[in-house]
Amino acid sequence: MSRDQWLQMYAQMLRIRVFEEHVNELYTSAKMPGLAHLYIGQEAVAVGVCQALRSDDYITSTHRGHGHCLAKGASVDRMFAELLGKAPGYCGGKGGSMHIADQERGNLGANAIVAGSSGIATGAALAAKRQGSDRVAVCFFGEGGVGQGILYEVMNLAALWTLPVIYVCENNLYNEYTHYTETTAGDLLLRPRAFGIFAEEVDGQDVRAVHAAASRAVARARRGEGPAFLLCQTYRFLGHHVGDISRAYYRTKDEELRYKAERDPLRILTRWLVAERMAAPEEFARAEQQVRAEVAAGLQFALAAPYPDPGEVDRDVYA
Amino acid sequence: MSEPVIAAAVREITFGQAVREALAEEMRRDPAVFIIGEDVAEAGTPFKVLSGLVEEFGRDRVIDSPISEAGITGLAVGAAMTGMRPVVDIMFGDFITLAMDQIANQAAKVHYMSGGKLKVPMVVRTTLGATRRSAAQHSQSLQAWVSHVPGLKVALPSTPYDAKGLWKTAIRDDNPVVIFEDKLMYQLKGPVPEGEYTIPFGTADVKREGRDITIVATSSMVQVALQAADLLAPLGISAEVVDPRTTVPLDARTLVESARKTSRVIVMDEGYQRYGVTAELAAVIAEGAFHYLDAPVTRLGAMDVPVPFSPVLEDLTVPTPERVVTAAKTLCGRA
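Protein chains in written order, with this note's numbering: chain A, 1 to 319; chain B, 1 to 335.
You may find that some hints are simply not true.
Said to hold, decoys possible - Cross-link-like lysine-lysine pairs, in silico, DSSO-like; alpha carbons within 27 angstroms at most:
no., chain 1, residue 1, chain 2, residue 2
1, B, Lys48, B, Lys189
2, A, Lys86, B, Lys119
3, B, Lys261, B, Lys329
4, B, Lys117, A, Lys86
5, A, Lys86, A, Lys31
6, B, Lys207, B, Lys329
The hints are simulated quantities; they were obtained by calculation from the structure and are not laboratory data.
Hey, can you work out the whole structure from these sequences and the hints?
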């Protein structure tokens, strides 16, 4: 990996962070309809994985999906437009925060059913194999998704048929408002391993570790060696959604502060780059300026954009 | 493609053969089509409808799957979104409940949620119908469940001819389609021309013309309606039998026209009557032909009970020709 590639990953994580901060602001200032599930704190997972992919590889995403979409190459202006229900949004305003799809970059869509896209990702992998391409498919889901039966059905299929799919489990510790240890029996990694699926645990706050593990999994899949499972240990810095402000009943303020202070994926990368003398602090400041300008412009675009024509309401129900 | 006029000496094949022939022709035509399901390959399904396909197309295109209805349906949604045209075989209609999230929340919504960018050209093939002494979990007719969800199309063939034509249309359609086949109909023979044809969705078929009463019937109930019409004829009641063939899209116009002509209507479907397909058909006819009707539309669906095992009880739960005759006589003031 070159210096430029690390800086690019930094900028991408920062883009997600700043985008999400603006989304939070849109919500609290009542400019955004509905809710949003913020990805802040987990940026290294989406960026580390997506940087290991080609633009024609597939991903499926979750209700907490803005990070995955941006990491796969979506632009902030059309993302904001979708979140505001505007016509130039990625889905013409019909999908919203939880359903952004970006076909041109292989993003088969965010899904608001927990683990609901695991079948889709596995099917995309089947299609890739059947079509003789070396594309791979990545299925992002939270640790809450391991409670869903379909995940085990499709992991079984993927292992049986050696499909090029990578299941990326982002363990942000909380199934909504409940710590995952209250919902998850046994050793989580043994679940994919029971199917004979190659499985690794990764520090999800370290984009370099995520990228390395994802690159190994992707290379295996491209070589026809079948599915992999990455358990990325991460942390959701904010609430389950933008409105989840009072969180003391399920986790302590101390825990949050500790993660923010010690486990911030952006700071972990910048500290390493500086220590390795690969980048100077001014470069991060410059990148931040650029990203902030881009996100601000994207938001202005979306705020000024028109709403969909009412005639759109019953278009696209059928192809 | 329009429907050809059936020649006098057209061959007769069974309903099951018609389904198989449609699948084989479409698989020859389009390499993106594949079948996935439990025991679809060498076994050819428990009803043997798919027998022979694996020999011609191989195990990569006729794929035996684990018993994982949700998983294979989800897999098919993803494959359909990325260039394939899967046919998912769900052995019994009762088992679509296991795949319902993938059908209702994924397949049905992907096109709309993505603002029209992604498509899901897949077919879910399953069965309906009671009176096989299979009890409550192998006998239901759940077409109302899927007919309710926008984004899905639903086909209910009632003859070998319709089965073949509707199947070919389903495979070529860019939307998720659910096809229900009556398990008791696989051996039913009927004329199916040799040549290529498709039947457009949303075109009802008048199976028998009549003057005095309209019987709208789907799938398994079409044969019941035709038998009832035979019984009504000697009583001087001329019954018209109309088969919508697809509940979504629904050819409301043909139904309403027939209702306006005869002024009396019975609607039949083997699904549960309460909140069922018959309720929708009755409402559509009432809205479109209210001022032409001499009586309220009569619904005949399955009894609102889990399908019982004992033959004595099970036979009470589904409409019979005799019950249709009684209802028709009442509507015509001949009770």
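Hints, verified against the model:
| no. | hint | verdict |
| --- | --- | --- |
| 1 | B:Lys48 / B:Lys189 | holds (16 angstroms) |
| 2 | A:Lys86 / B:Lys119 | holds (22 angstroms) |
| 3 | B:Lys261 / B:Lys329 | holds (18 angstroms) |
| 4 | B:Lys117 / A:Lys86 | holds (16 angstroms) |
| 5 | A:Lys86 / A:Lys31 | holds (12 angstroms) |
| 6 | B:Lys207 / B:Lys329 | holds (20 angstroms) |
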